[in-house]
Each structure stands twice: as C-alpha cells, then as structure tokens.
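Protein sequence lines, in the order shown, are assigned to chains A and B. Using this note's numbering, the first residue of the first sequence is number 1, and each one after it goes up by one. Using this note's numbering, the first residue of the second sequence is number 1001, and each one after it goes up by one.
It is worth saying that the hints were derived from the structure and are not from the lab. Every residue, glycine too, gets a C-beta built ideally from N, C-alpha and C. You may find that some hints are simply not true.
As the list claims (entries may be wrong) - Footprint (simulated), chain A over chain B, 3 or more residues, beta carbon under 8 Å: (1) 1215-1224; (2) 1275-1285.
Said to hold, decoys possible - Distance windows between CB atoms, simulated: (3) B/Lys1087 x A/Leu124: 23 to 33 Å; (4) B/Gly1162 x A/Asp73: 48 to 58 Å; (5) B/Met1015 x A/Pro74: 54 to 64 Å; (6) A/Val216 x B/Gly1162: 42 to 52 Å; (7) B/His1069 x A/Asp186: 22 to 32 Å; (8) B/His1069 x A/Pro74: 41 to 51 Å; (9) A/Gln374 x B/Phe1161: 27 to 37 Å.
Letter by letter, the chains look like this.
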Amino acid sequence: MRRYALTIAIRKLFASLAAALVLCTGALMTPVSADTLMMAWSQDATGLDPHKQTAFSSIRLLELLYEPLVRLDPDADIVPAIAASWSFNDDATELTVTIDPDARFHDGSAVTSADVKASFERILNEETGAASRSNFTSIASIETPDATTVIFGLSEPNVPILTAMASINSAIVPAAAIAAGSLGSDVVGSGPFMLDGWNPNSNASLSPNPHWAGGVLAIDGLEISVLPDETAILAALRAGQVDFALINDPFVATLIPDVPGVQLIKKPVLSYHVLQLNPSRTPLTEMGVRQAISCAVDRQNILDTALLGEGTVTGPLTMDAYRTDVSELFCYERDLGKARSLLAEAGYPDGFSATIMAATGEPPTAAAEAQVIQSQLSEIGIDLEIEMKELNVYIDAWLSADFDMAVALNGGRPDPFTMYNRYWTRDGNLQKVANYIDDTLDRLMTQSREETDPVKRKEIFAKFDRHLAEVSPWVWLYTGYTYAAALDTVQGFEATPTGSLFGLSAVSIVE
Amino acid sequence: MHYPLKRLLVFPLVMFGVSVFVFIAIRMVPGDAITAMLGTESGLLTPAQREALRAYFGLDQNWIIQFWHWLTGVVQGDLGLSTTFGKPVLRVILTHFPLTLELAILSMLIALGIGLPAGIFAAMRKDSAADLAVRVIVMIGQSTPNFVVGLLLIFVLSVGFGILPQMGTFVPFSEDPLRNLGQMILPALTLGTAFAAAVIRISRSAMLDILCEDYIRTARSKGIPRRRVIWCHALPNALIPVVTLSGVEFGYLLGGAVLVEQIFALPGLGRVVLDAILQRDYALVQGSVLFIAFNFMVINLLVDLAYAALDPRIRLDSN
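Full structure from sequences and hints, please.
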C-alpha cells in the first residue's frame, strides 16, 4: 500500500499545479479601461531626444510627443503642424514660416518663434551630434521678427529643406528645455500625447495633451508594451489583450488576415531593398559588369521568394509622386542573354567570384535575399560567397565601404533630393559608401535643389531615376510595406509611407 | 582557516578577473554606442559631431583611463551610468533583478517539485512500465528547446482557449501577487519543466546507485520500514548530485533567461544584458555581468555548504 502513497502524492502535486495554472491564467484577464488603447510593438525606442534619435522605433514614439514645423499626410503631401503656413521667396533662398498661434507645449506655454530658432540652432550646433544637421547646413540665418514668424535665410537655393523639416528629427522643443539640458530625460513637446512614464524595453504610458492645437483625442490614453517576439504579439491580439500593434516581420503580417476580429493595415513604404554594388572594387568598377548583374537579377522572383511577394518592384525613386514605371527602367525585365554578353564585353566571359554581405535579421529577409541573389547570379557565372554579419559589424563595414556587394534595406525620404543627395552628389556625406558619381547625377541633384516649379522638379527626377538605374551603381529591388494590426474595434487609423504612428491621434475605440 | 571565509576572500580576485575580461570583451566587439544609436545615419556626422558624441558616451578616453574610472567607482558601489536608461547602472539592475530572482525560484520549485518525486518514483520501480514512461518523458523534455515549449504554451492558450496572461506591462509581486504570479506561471513552467527532466534523470540514477549500497541493505535488514529507509537513509545522499546540478542551474537562471524573457516579454536581467550589448551600453554590460558573476559565486558557496549539511562525511576544511 505504501507505494500507492507516493503515487497519490505525485498525483496530488500535478493536480494542484494544473489547478494553479488555470486559476492564475483566469485571474489575469483583468479588463482595461475601454478607452485606453493598448498597443504593442517588438522594438522599443532607444532614447527620448528627438534631435538625436534616428532609430525607427524612437521616431515612432517621439512623433506622438513632439511636432515638427510641418508634417506629411498619408499621401506624403506636406501639411501644417506647428507652422500654419509657409512660403519661399522666388529664388528659394528665404523660407518664411508662420507659427500656428494655438500651438502649445505640454505645460500649456505657447510655441514661439524663439523656440523654433533655439531648436534649429541646437540641431546645427555640432556639439549636439544631430545626424539630421546635414539637411540644414544651408541655413545661414534665422530671424524672428515677431513671436509667430520665423525667417530662414538660406546660403543657396534649397527647396527640399521644407520636406526635411517634416522629420521628427527637426522637432520644435522648448527653448527652456534646451537651456536646462533636459531633452534626454524629460519630454515637453507639442504633440498629441504626453509621456507619463517610460520603462525602456518594457512599457510606456501616454495620455492626451489637453493643450494640443490639433483638437481633442477620442481615446483616454495609450499604453505601449514591448513584446519582443512578434508571434507573441499575434497571440496577444487574438486574446484581445492588445488593440493595436506594429508588425515588422512580413511573415507574421501575412498571418493576420486569418485572425478573426483583427484587421491588417498596410501601406507601401519609402525604404527600399537594394543590392548595393561597390563600384570601387574590381570588376564592379566596370559599368558593363554592374549592368550585367542588373540584367541577371529577377527582382520579382526575389520579392516572391524572400518577402512572400509582400512589396512592389521599384527603381531608385520610391515615392508615389516620383516613381517611374519600372518597364521604362534599364533591364528591369530579366535578360540573361544580355547579361552574358555585357559581361563578356567587359572582359569577364566566364564570370568572377565576389562576396555579398548581409546583416543578421535586419531586415528579417536579408539572408533569404542574399541566397536568392547568389543563385540567380550563378547563372551568369558570378560566384558569390555570403557573409552574414551582426548589425553593428555590418554597419561598420557598410560605412567604410568594406564590401563587394551588400544586401541592404535603406531608409527613404519623401523628397528625392533629401533621400539621395547623401549618395549621388560629389560632396554627399555618404558618397564614400556609394563610390560612384558622374556629372549627370550631380547636376540633376543640384537642379532639383534649386527648382521651385513642382512640374519641372518632377521632370528632373524622372531623368535622375532613369540614369541611376542605367549606370547601375546599385541594383534597386523593391519596397515593402509598413504593417499595423488592429482589432476591428479600433477605427480611424491611417498609415503613412514613413510608417508614422501620428494617425493614432485620430483613432477611436468602438464597442 | 574557516572554509566560507577563505572562499569569501577569493571573491574580490575573481570579480576583478571578470571585470577585466568583460571590459575588454565588450570593447572588442565591433561598433560602438554611436553606430548602435544612429545606424548608417552615423555616416552623416561631421568629425566635430562625432567627437562631441564620443565625449558624451565616454569613448574619447583611452581604455586604461576608462577602466580606472570605472573600477574606482565600482569599489565605492557606483557601477556607472547607463546611457540607454539614463539611470545609474546599479538602479537599473536592482529594478530588474527581483523579476529574475522570482522566475528562478519559481522554476526551481516547479523543476524540483516535479523532478524529485518522479525521479525517486522511477528509481523505485526500475525497468517497470512506469519507469520506462518517465524515461521517455525525460528524453522529450530534455531535447525540446524551451523557446519551443514557451511558444507552444502561448499558441495553445491563445488559439485554443482565447486566453493569455497579460504580457508586456509587468506587475511586480509586491504590487499585485495574483496578477504577478499569472504573468510568471507560463515562463516558470517553460523553464521549470525543461529543468525537471534533468532533475528526474539525475535523481533517478543517484537513487538507483544508493539503493544498492551496503548501508541500505543493512538498514532494511534491521527491519526499518522501506519508506523510512528511502526518505531518511537514501534520499539525503541521493540529493548531493541534485544540489550540484540545481546550484549551477540556479546560477544560470539568476543571469536571466534571455529567450524565455523575450518570448513572454518579461523585463528581466537577461534582456537588460542583451539590449545593453546590442546598444553597446558599456557601463550596463560591465555592471550586470559583474552582478551575475557575484551571484554565481554566492550560489557556489551555498552549494558547497549544502554538501556538508547533507553528508557529514564531506569536510570542507582541508585539515
């Protein structure tokens, strides 16, 4: 009989463990206030200083708290934010901005021209270490004739500067916060939400800014949780714990339409997947070799294989307003015969060997892309060795142009000049990474900076797009989507091509 | 000299070795806080901007001076400032440690609660169908990675039952014990069941060895009831390998269970260290690894003391 005593003890133990599990999980379903939006994302912001943070997730959080002078709407058109109106003089050397008299910081104080001036002076101060400074170096003077007027004097015509001002990296912060040096820890912005608490990599609590010039919000607050695993985010949506989530991984996003009660909101983005060639390395110095690679690559096939078809094949310009029909671009239809003959003309009839680097997990599709490209290029005799690198190692190699070829996901900007002058002008900050420049590219970029007529700018960029695709310093592949998942009860969110969450200010929760 | 005292004296030496190693290792990793923060955008910085940021992150001084500053701080109980949290490193560690400690204790309780009875049970019925079943379960348990178990638990609960413990916003035990336990039970089960398999195996084989010993036969022949022989004579000796194993495992768990913390979104020490490495937050990496090393040494000392308590034949003092 004694042996049964032990058996029974073990059974009791299992039974009580199981009971505890059921009890605890049941107890957890604590209801939250119906009007607080529960949001989840897998990567948290890395800091709070809007002028310094360039990480995607930091910008997403800061866009809810701070405001720039102007903003981009879902169609990527420039609309008022802190600035109520703006105008260039005829030769685009002076930009006059009028501030919305209703604009208020979280503490209720008015946003004045002094705050605008102090914010831009901080960005331009090299001590700050603001990466966006490079967009504003043509600002020669900032005048503030009255509390709501700011006049930017420019050392050279600069039309795209207005689009650069739409970034949260040029947010207007209180002059007092700059003087106090408190921007890294305290958030006093003029955006729709105020930050009540932030535990890095865990959670953030936001409440509506009662002074916001944009009006009254329909939700009582926003609770953001960091759930590092996106399949766990999907589970939390299913269980109704989360109302709204950002999804990075296209594989997870494709599962969402099958989840009852959850809607997927997707929008084409400006950032682009690209095969970067390094034209300073033999034999990529030869245009024929680069063009052969462009002809040998089947972009749609890489998109379908690596990204489950979740995207659109693109040329260099990814914004709707400037996109060229890809059938008009050089060799966007795969042509192996042409690729082989280009390669032979360049003196490499049997192909060559090279390395291709990719960052581990960034983007999640990088390794798959490298593999598909490897197999496609092997068909014209190019033998690629794949080097997977940790992100920071990859960035170091990328910045010092220490690679033959690289699979990259590069950020896009709403204006082609702001997006590409860093690479494709003679004095671009990242020309040393791009390693290719010619007179046509340099001239077209300069023209686009000076031209104020939108129709003529469009023509300039169309030429730029075609030329860049033809000389093939890089092989542009496709753009993906930005994904948000929301319960059906969440309504009114509009996504933008930059991935902004500003649309949360218009969201309401219906029962 | 008294054994624990002797061991305590070695602590500072080991800690110093660990700190030198960590200090150098994290700096050998390519990339720095600037590229971690700005990514490829850091290519847009002017030399003056880069210098200003290097000064901000304390990267402008040479390693020896950085190490000296850090070491003198550590001796005074100041582990430096975390650049990602903007708070003192020690405060960051102490806010995240209770969760890690709680998770470690809970999963140990689960592992030992399942493992020991099952191991003893299997040993007593060696080669029976029940023993075989236990051994098969152990094999499955040991060969299933815990992230698979974790994801399966989440999947089954959310898809099958539409319930899931509140994830994301972590509630400390002191604030709301019931909610806290609810958040901890799945990760603790995930970690606990995997370790339970190891406990079953080791306690079963230890028990089998001991049951063949002469003193067990003697005890039985003296007419001591079987149950008493098992619990009072065999078990304490069979526990020694279990204690060793548990000590090592507990030490690991106190360093944070990175994968399980990722899956269940628990802000424990494992994720702090992982994020600190990814962000190249040098002070936080150094501080937390030092803290983990310290815990490990304390656990090892406790394990040694436990041997002596369990088996008086073991003498820790050398003479």
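Now for the hints, and whether the structure bears them out:
1. 1215-1224: With 0 residues closer than 8 Å to chain A, the stretch 1215-1224 of chain B misses the three-residue bar; violated.
2. 1275-1285: holds (count 4)
3. B/Lys1087 x A/Leu124: 23 to 33 Å: With Cβ atoms ~30 Å apart, the hint holds.
4. B/Gly1162 x A/Asp73: 48 to 58 Å: 38 Å Cβ-Cβ, so the 48 to 58 Å window is violated.
5. B/Met1015 x A/Pro74: 54 to 64 Å: At 56 Å between Cβs, range holds.
6. A/Val216 x B/Gly1162: 42 to 52 Å: violated, 34 Å
7. B/His1069 x A/Asp186: 22 to 32 Å: At roughly 27 Å between Cβ atoms, aspartate 186 of chain A and histidine 1069 of chain B fall inside 22 to 32 Å, so the hint holds.
8. B/His1069 x A/Pro74: 41 to 51 Å: The hinted range 41 to 51 Å holds for histidine 1069 of chain B and proline 74 of chain A, with Cβ atoms some 50 Å apart.
9. A/Gln374 x B/Phe1161: 27 to 37 Å: Distance hint for glutamine 374 of chain A, phenylalanine 1161 of chain B is violated at roughly 44 Å.
When each numbered hint is compared with the structure, violations occur for hints 1, 4, 6, 9.
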